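J.: Spelled out, the chains give:
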Amino acid sequence: MRKANMWQIGRWLRQISQALFFLLFVYLLFAALQRREAFPLADLFFRFDPLSALGAMLASREWLPRLALAWATVGITLLLGRVWCGWICPLGTLLDWLGPGATRRRTQSVAPRWRSAKYLLLAAILSAATLGSLMLLVLDPLALFTRTMTTVILPALNYAVTAVLGGLYPIAPLRGVLDALEGWLRGSALPVRQPLFAGNWLIAGVFVFLLLLNRLASRFWCRYLCPLGALLALLSRVSLLRPLIGAGCVQCGRCSNICPVGAIQVEEDFRIVPSECVACLDCFAACPERGIGWRPVALRSVAVAAKGLAWPAAAEAYDPSRRQVLAALGGGIAGVVVMRTHPLAHAPEPTLIRPPGAQDEAAFLARCLRCSQCMKVCPTSGLQPAFLEGGPEALWTPHLVPRLGYCNYGCNACGQICPSGAIPALDLARKRQAVLGRASIDRDRCLPWAHGVACIVCEEMCPVAPKAIRLEEVSVADDLGQMVRVQRPYVLSDVCIGCGICEYQCPVEGAAAIRVFRTNA
Amino acid sequence: MAQNITRRKFLGWMLASSGLALWSAACSGAPALPLSATRRPAPAPAAGQAYLAVAHSEDAAAATRAAIAALGGMERFVKPGDDVIIKPNICTDYHPPEYATTTNPFVVATLVTTCLEAGARRVRVMDTPFGGTPETAYAISGIADATRAAKGEMEVMSPLKFVMTSIPQGKDITQWEVYRDILEADVLINVPIAKHHSLARLSLGCKNLLGVVRQPNRMHRNLGQRLADLASLIRPSLTVVDAMRILVANGPTGGSLNDVRQTNTVIASHDMVAADAYAATLFGLRGADIAYVKLSAEMGLGTLDLDTIKIEEIHA
Numbered sequence: 001m002r003k004a005n006m007w008q009i010g011r012w013l014r015q016i017s018q019a020l021f022f023l024l025f026v027y028l029l030f031a032a033l034q035r036r037e038a039f040p041l042a043d044l045f046f047r048f049d050p051l052s053a054l055g056a057m058l059a060s061r062e063w064l065p066r067l068a069l070a071w072a073t074v075g076i077t078l079l080l081g082r083v084w085c086g087w088i089c090p091l092g093t094l095l096d097w098l099g100p101g102a103t104r105r106r107t108q109s110v111a112p113r114w115r116s117a118k119y120l121l122l123a124a125i126l127s128a129a130t131l132g133s134l135m136l137l138v139l140d141p142l143a144l145f146t147r148t149m150t151t152v153i154l155p156a157l158n159y160a161v162t163a164v165l166g167g168l169y170p171i172a173p174l175r176g177v178l179d180a181l182e183g184w185l186r187g188s189a190l191p192v193r194q195p196l197f198a199g200n201w202l203i204a205g206v207f208v209f210l211l212l213l214n215r216l217a218s219r220f221w222c223r224y225l226c227p228l229g230a231l232l233a234l235l236s237r238v239s240l241l242r243p244l245i246g247a248g249c250v251q252c253g254r255c256s257n258i259c260p261v262g263a264i265q266v267e268e269d270f271r272i273v274p275s276e277c278v279a280c281l282d283c284f285a286a287c288p289e290r291g292i293g294w295r296p297v298a299l300r301s302v303a304v305a306a307k308g309l310a311w312p313a314a315a316e317a318y319d320p321s322r323r324q325v326l327a328a329l330g331g332g333i334a335g336v337v338v339m340r341t342h343p344l345a346h347a348p349e350p351t352l353i354r355p356p357g358a359q360d361e362a363a364f365l366a367r368c369l370r371c372s373q374c375m376k377v378c379p380t381s382g383l384q385p386a387f388l389e390g391g392p393e394a395l396w397t398p399h400l401v402p403r404l405g406y407c408n409y410g411c412n413a414c415g416q417i418c419p420s421g422a423i424p425a426l427d428l429a430r431k432r433q434a435v436l437g438r439a440s441i442d443r444d445r446c447l448p449w450a451h452g453v454a455c456i457v458c459e460e461m462c463p464v465a466p467k468a469i470r471l472e473e474v475s476v477a478d479d480l481g482q483m484v485r486v487q488r489p490y491v492l493s494d495v496c497i498g499c500g501i502c503e504y505q506c507p508v509e510g511a512a513a514i515r516v517f518r519t520n521a
Numbered sequence: 001m002a003q004n005i006t007r008r009k010f011l012g013w014m015l016a017s018s019g020l021a022l023w024s025a026a027c028s029g030a031p032a033l034p035l036s037a038t039r040r041p042a043p044a045p046a047a048g049q050a051y052l053a054v055a056h057s058e059d060a061a062a063a064t065r066a067a068i069a070a071l072g073g074m075e076r077f078v079k080p081g082d083d084v085i086i087k088p089n090i091c092t093d094y095h096p097p098e099y100a101t102t103t104n105p106f107v108v109a110t111l112v113t114t115c116l117e118a119g120a121r122r123v124r125v126m127d128t129p130f131g132g133t134p135e136t137a138y139a140i141s142g143i144a145d146a147t148r149a150a151k152g153e154m155e156v157m158s159p160l161k162f163v164m165t166s167i168p169q170g171k172d173i174t175q176w177e178v179y180r181d182i183l184e185a186d187v188l189i190n191v192p193i194a195k196h197h198s199l200a201r202l203s204l205g206c207k208n209l210l211g212v213v214r215q216p217n218r219m220h221r222n223l224g225q226r227l228a229d230l231a232s233l234i235r236p237s238l239t240v241v242d243a244m245r246i247l248v249a250n251g252p253t254g255g256s257l258n259d260v261r262q263t264n265t266v267i268a269s270h271d272m273v274a275a276d277a278y279a280a281t282l283f284g285l286r287g288a289d290i291a292y293v294k295l296s297a298e299m300g301l302g303t304l305d306l307d308t309i310k311i312e313e314i315h316a
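Protein chains in written order, with this note's numbering: chain E, 1 to 521; chain F, 1 to 316.
There's no promise every hint is true.
To be verified - With a Cα cut of at most 20 Å, we get these calculated SDA-like pairs of lysine to any residue:
id : chain 1 : residue 1 : chain 2 : residue 2
1  : F       : K171      : F       : T303
2  : F       : K9        : F       : L20
3  : F       : K161      : E       : V453
4  : F       : K171      : F       : S232
5  : F       : K151      : F       : G119
6  : F       : K151      : F       : A118
7  : F       : K151      : E       : A180
8  : F       : K151      : E       : G167
9  : F       : K161      : F       : D83
10 : F       : K161      : E       : V192
11 : F       : K171      : E       : V453
12 : F       : K161      : E       : V161
13 : F       : K294      : E       : A454
14 : F       : K310      : E       : P170
15 : F       : K161      : E       : G176
16 : F       : K171      : E       : W184
17 : F       : K161      : E       : A454
18 : F       : K161      : E       : L98
19 : F       : K161      : E       : G167
20 : F       : K161      : E       : L168
21 : F       : K171      : F       : D83
22 : F       : K294      : F       : D181
23 : F       : K294      : F       : E313
24 : F       : K171      : F       : G72
25 : F       : K310      : F       : G72
26 : F       : K9        : E       : L98
27 : F       : K161      : F       : H196
28 : F       : K161      : E       : Y159
29 : F       : K310      : E       : Q194
30 : F       : K161      : F       : D181
31 : F       : K79       : F       : A118
32 : F       : K310      : F       : R76
33 : F       : K151      : F       : H196
34 : F       : K161      : E       : A180
35 : F       : K151      : E       : W184
36 : F       : K79       : E       : G167
Everything labelled a hint here was simulated from the structure, so no lab data went into it. Since the model is a prediction, treat every value here as computed from it, not as a measurement.
Here chain F stands alone, though its shape is the one from the complex (with noise of 0.2 Å):
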């Protein structure tokens, strides 16, 4: 029984645990970090290999291994021992994946697989869902099951791990909080699912990176800008489209499967703002027309030019 707490052991526990509570509000009350990703940039293209890469299967597995390799294989990107963190859209706990609202789960382990297979010391999968909470939502994504069949980590993402980062190349945005883990990762790969979306036309790879943030709403106030602004901080390593299922209406939160087209396609590049570029195109749109596209490529984050870049189109 506690019968023996003194009034003096009592005392010195409330001070010790006030000051230890004063303590953590000092130092959650800490300045902005001056923070920026420390991840090495993502490796140019060599010789033989491909600016960015089309694959097409009926086999998500297989179009994702196909572009991969086109691009030089996983080994271009992961080196052993990496710590490396993909981030699909997992925007929703609503809908299986057939619904082609959140990215497709094979898609996701096989580059879980890939990266394991490049020597990647873990490899963890995560996204903030705007819809229901994130267990439930990676579980009806299929990404959960997928992911750990293929030795992966999903990550639930904490609130601790936030922090108030500056962005030097920002034009309208020079601070926010991001994910700190995102930014520190020595390999991100940014797996969006390309779908509709009212006001930035496409959700696409960049439009992701609002899974990473805190308070994604208040990007929406000059959206194109902002996410580019985003983007010239986080700078993904590899940017893999989904569009094995593209949602064309209805957008992002879909629901109805008269609004999907299947169209077993993995689109995969260094550059995010070029493979964006080329996603568009499913929709019958350029890459100038999104405006977060576009002005990545004008802050010189990537080419919108489809011309003038190594495409390599597989057939798998």
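So here's chain E without its partners, still in its complex pose (with noise of 0.2 Å):
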């Protein structure tokens, strides 16, 4: 056995990278957990995002300063590769720690030209931007993660926690602790109501399927779906380093073995793949004979470049065709279309409310990352992600459904933390006077107006000043034909600015007797 060379530092290195990475995003998701004010970094992620960004601005047709910073990641990628991939996000390092074991690497097959589906729905996604539908960012790999830790895993985390804290709490001398726990966790990491969003089945379920990919191959997602990944694979054709394997290559096959992503052909006298490999190192430490390294690529040689350093890459035979391609670009373009007629995406449910300052649906939906960050930090969780009350373009894009939660009167963090602004970052005054829709009273089931019944919820909750929802004293009969004196309900449209606080708070059982309606902005 020789001795580990030195490159087992930097595998190290690589994975104590990816640890922290995915603890400082599982920490921003605490930090901006329900939260009035938005802990200000808490999107980082997606500010290093250039799908994302290249996505949004092409929608949008607009330079967006607060996604810049994807240029750094561009900058790393041209330089070093798919550093991305294999040392910061927070998905494909879950997928390497969920992934199947080293030693059943070499076992698995899919066949190589699955790799140009990435590339595939690549071009979808911004062929679908340049008309201004964002649809198919849902798969962008944070926007995923993100996703499915706010609607599911974070949700249910709370829901087990407190189920078990609540089964131990009768007995008695474990309260002293579990008081300190409680006093500790809850209202910071553990919120105070329990969320629940709709939809989390579904979201749950892709995610499910993801995880059991996997199982198939280490790294499916990155190796062959992944649509951020693809946009560095592409701009790793032309990166100035390329990881390569030297002239002592005495072709033992361990890195092709240990390879998480497939990326070292080794019918090719053992070529690393420059737009799959993501720089992980795993090889570099395994090489027995030292024998890998990074090496700046050949702009002249052409000697060298059949070792791997031609620059730009040379296309690989799984690369998609010319009429892959256009038939993928003229795919998203006419998903848009389709997804344009449907009767959703000219006249939206009246339940769609879209968060404070968003109205505007198209200027909303050519923004919105799908990023799920505004449901994760709303305080109320009465931000969820929309199935199909938008049409399908609008797919988990974020609405208000007041009887799950309603928009607080004294919150703006789902401006604050969008980091695209799809949702405008309004001051505190300036988001109390924008209107999401307007209440409506359902008068056969409101307790005063259907049944007598004394009760004026909706106007103590109004949080307008003055009241939106006024009282107008009556004589009515109640359910027993006796008269009575009730104070009856009734909203002032022009003043209502569709908080939903009425909605969420009325005593009805089932559907709330007063019901915030989109209005037709």
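Join the two chains into one complex using the hints; note that each chain is given alone, in its own frame.
T.: Here it is as structure tokens:
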């Protein structure tokens, strides 16, 4: 046995980097969980995401300065290749950790031509973006992971922890410890009220499917599907430094066995494919000859180009054909056209209530990264992932569902955390004037209107000063036919801002007797 | 690496964790506890002590101290080693204290200080806001900073600690889910802010108790009697009505300084009904005009006849 070579240290550094970025990702999730004041850097990962940046800027036809840090990711990719994928991406890290162990990588086989799928997906995303549609950004890895954490994993975690603590609570000797734990966690890491997200089952299903695919091949998502990976793979073809297997290669095959993304072509003299390599350094550390290292690309010499230093990198056999790319570009366009001919794209459900300041639907859809951070930061969990309320193009965009949570009059966190400005960063005074919708009373369900029963909860809750819900005292027959004096609520539509706290708090069972509907902005 | 998880181990863990889950599910479905307030009763005034104290000052802390002093000092209510809970009104995180929607932070802080001076083991301050999260509402109200500066603790009310509690004297409701610690604390100090409320007419001490129960909106059906029923269970040791600023319209959420009156008054009594009845007079009403005050008095929880009690008015 030879001693581990110095690249072993590099490999450890990569593993540490992955762990730290993963922890940072999770920390940021909690740091801006249901907070009125969004933590200023809570959207940090998205600011470094060139796919989101490119998509949103294409779609909105606007320079979005907050996403400019994506150039840093582009820069490092142009220097060293897909470092983002191997060292930073939290989803990639998770898939690494959950993937088959290194010893089993060799046995997996998925036809290499599937690698082109990610490029075709990228082409479709970008062509759709030129028409102002970002629907396919639901597949951005950061958005996908954040959405799953927000709507599935964190609520489930809170439920589980609360259930276990609640189960232990009746045991008297444990109460001191549990009280201390609750005092520490509740209201900070654990929300006071259990967050509930509509459609969490579908979002969970997509994620579980991804994890299952990971059993077919390690980092299946990163190799075959990830559109951000595809964008970085394109950039890697012109990167300036390449990992290269040196002349001392004894063809032992350790590198190709250990490679988590199958980037080493055994048949081609152990050539490392630059667009697939995620710079994880596993092969560097595994090489018994210490023969793998970074080499600058050969801008002129043809002799070394054959060994993998050609610039730009030579095309791979599984690269999509021109015809396929054109089909994907056309598919993106056609998809948008079809989605836009859905009835809901023209007249959304009246319950599609957008976050404050995001009432221009087309402008909103052209900026929203589908990252779901607004849903995570929303202190009431009223912001929910849309399903078809706004047509298929608006899948998993945020909308307010007042029966699940209201728009807090004291909060403007969603606009602060939104990385692309789809929800504008309004100061509190302006956000309080932003009209989300209008409330209207269902007089057949409302307790005073329908039953002559005293109830003014909607008026009590209305945060606007003076109130948008007023009361009129009248004599009416109650359910027994007796005349009673009750105060009946009515809404001043021009004063109502559609925050939905009336609908949320309405004590009528099931559908509320006062509901907020979208305005025809 | 976690390579050495055997099937046997895995199944063992599954068995253990599902057992734990089953057992915790069984526990959480436990029947209503026949709990009632275990707190010692609010002490009646001794000779020389006021039944109800009304202090006026531009300084909230001075008014609070003066009112407590007239009642015989905090030592009358708090014994060394006591566990004290102070329940202010922190209804939303919308506005700072000038808007008179949440209890004056200096009234709360002064109560924290006097409790600790009287030897309290710990003093916790808590409420359930209906608008915003507890953390932000505590902060915006100014009560979090003031309480911590006075060495009190802010507690976010935990969903684990609400217990179905029978209300033996209840006329309309005979059980409700109430925060356990509120019932078990040695001393409970109720610190409402006096403000307008469309259904109850005024939100005062008894109305402030809505912040310690689950599903407060379900209380609005027959609100007056239900609040009186709740008061018969919770029985605060001391009620201190913050009337430094009062909200005369658009309550309880407020939002306009035009609806705020600077009345520079703190009202304190061991009798919540009497304190509420006196506070009503600041709005030109009588205790009997407020359903929950009147019904509480009818249930024998206190008096609304202000002519028969010893009221001490202080200008601090």
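J.: Now tell me if each hint is right for this structure.
T.: Hints and how they fare:
Simply put, K171(F) and T303(F) have alpha-carbon atoms about 19 Å apart, close enough for the 20 Å limit, and the pair holds. At roughly 16 Å between alpha-carbon atoms, K9(F) and L20(F) fall within 20 Å of each other, so this suggested pair holds. In summary, the hint linking K161(F) to V453(E) is not supported, as the alpha carbons are separated by about 32 Å, beyond the 20 Å threshold. With a CA separation close to 10 Å, the supplied pair K171(F) and S232(F) stays within the 20 Å bound.
Between K151(F) and G119(F), the direct Cα distance comes to roughly 13 Å. Compliance with the 20 Å bound is thereby established for this hinted pair. For the hint pairing K151(F) with A118(F), the CA-to-CA distance comes to about 14 Å; that is within 20 Å, so the pair holds. With a C-alpha separation of about 17 Å, the suggested pairing of K151(F) with A180(E) holds against the 20 Å cut-off. Taking the CA atoms of K151(F) and G167(E), the gap is about 32 Å. The hint is violated against a cut of 20 Å.
In summary, the hint linking K161(F) to D83(F) is supported, as the alpha carbons are separated by about 16 Å, within the 20 Å threshold. Using a Cα cut-off of 20 Å, the hinted pair K161(F) and V192(E) holds, with the two alpha carbons roughly 12 Å apart. Restraint check for K171(F) and V453(E): the C-alpha separation of about 19 Å stays at or below 20 Å, so the hint holds. For a cut-off of 20 Å, the pair hint linking K161(F) to V161(E) stands: about 14 Å separates their Cα positions.
Between the alpha carbons of K294(F) and A454(E) the distance comes to roughly 18 Å, so the proposed pair stays at or under 20 Å and holds. Restraint check: the Cα-Cα separation between K310(F) and P170(E) comes to about 45 Å, which exceeds 20 Å; the hinted pair is violated. With a C-alpha separation of about 12 Å, the suggested pair K161(F) and G176(E) falls inside the 20 Å cut-off, and the hint holds. Between K171(F) and W184(E), the direct Cα distance comes to roughly 39 Å. Violation of the 20 Å bound is thereby established for this hinted pair.
A distance of roughly 30 Å separates the Cα atoms of K161(F) and A454(E); the hinted pair therefore is violated under the 20 Å criterion. Between K161(F) and L98(E) the CA atoms are separated by roughly 38 Å; this puts the pair beyond 20 Å, and the hint is violated. In summary, the hint linking K161(F) to G167(E) is supported, as the alpha carbons are separated by about 11 Å, within the 20 Å threshold. Distance hint between K161(F) and L168(E) is fulfilled; the C-alpha atoms sit about 12 Å from each other, no more than 20 Å.
With a C-alpha separation of about 30 Å, the suggested pairing of K171(F) with D83(F) is violated against the 20 Å cut-off. Between K294(F) and D181(F) the alpha-carbon distance is near 28 Å, which puts this suggested pair outside the 20 Å criterion. As the CA atoms of K294(F) and E313(F) are separated by approximately 23 Å, the hinted pair breaks the 20 Å bound. Restraint check for K171(F) and G72(F): the C-alpha separation of about 34 Å exceeds 20 Å, so the hint is violated.
Between K310(F) and G72(F) the CA atoms are separated by roughly 13 Å; this keeps the pair inside 20 Å, and the hint holds. Taking the CA atoms of K9(F) and L98(E), the gap is near 19 Å; set against the 20 Å cutoff, the hint holds. At most 20 Å may separate the alpha-carbon atoms for a hinted pair to count; K161(F) and H196(F) exceed this at roughly 30 Å. Restraint check for K161(F) and Y159(E): the C-alpha separation of about 15 Å stays at or below 20 Å, so the hint holds.
Restraint check for K310(F) and Q194(E): not satisfied, since their Cα atoms lie roughly 48 Å apart, outside the 20 Å limit. Distance hint between K161(F) and D181(F) is fulfilled; the C-alpha atoms sit about 7 Å from each other, no more than 20 Å. Taking the CA atoms of K79(F) and A118(F), the gap is near 7 Å; set against the 20 Å cutoff, the hint holds. Among the hinted pairs, K310(F) with R76(F) is consistent with the structure: their alpha-carbon atoms are about 17 Å apart, no more than 20 Å.
Between K151(F) and H196(F) the CA atoms are separated by roughly 32 Å; this puts the pair beyond 20 Å, and the hint is violated. Of the pairs offered as hints, the one joining K161(F) and A180(E) holds, with about 13 Å between alpha carbons and a cut-off of 20 Å not exceeded. Distance hint between K151(F) and W184(E) is fulfilled; the C-alpha atoms sit about 17 Å from each other, no more than 20 Å. Using a Cα cut-off of 20 Å, the hinted pair K79(F) and G167(E) is violated, with the two alpha carbons roughly 34 Å apart.
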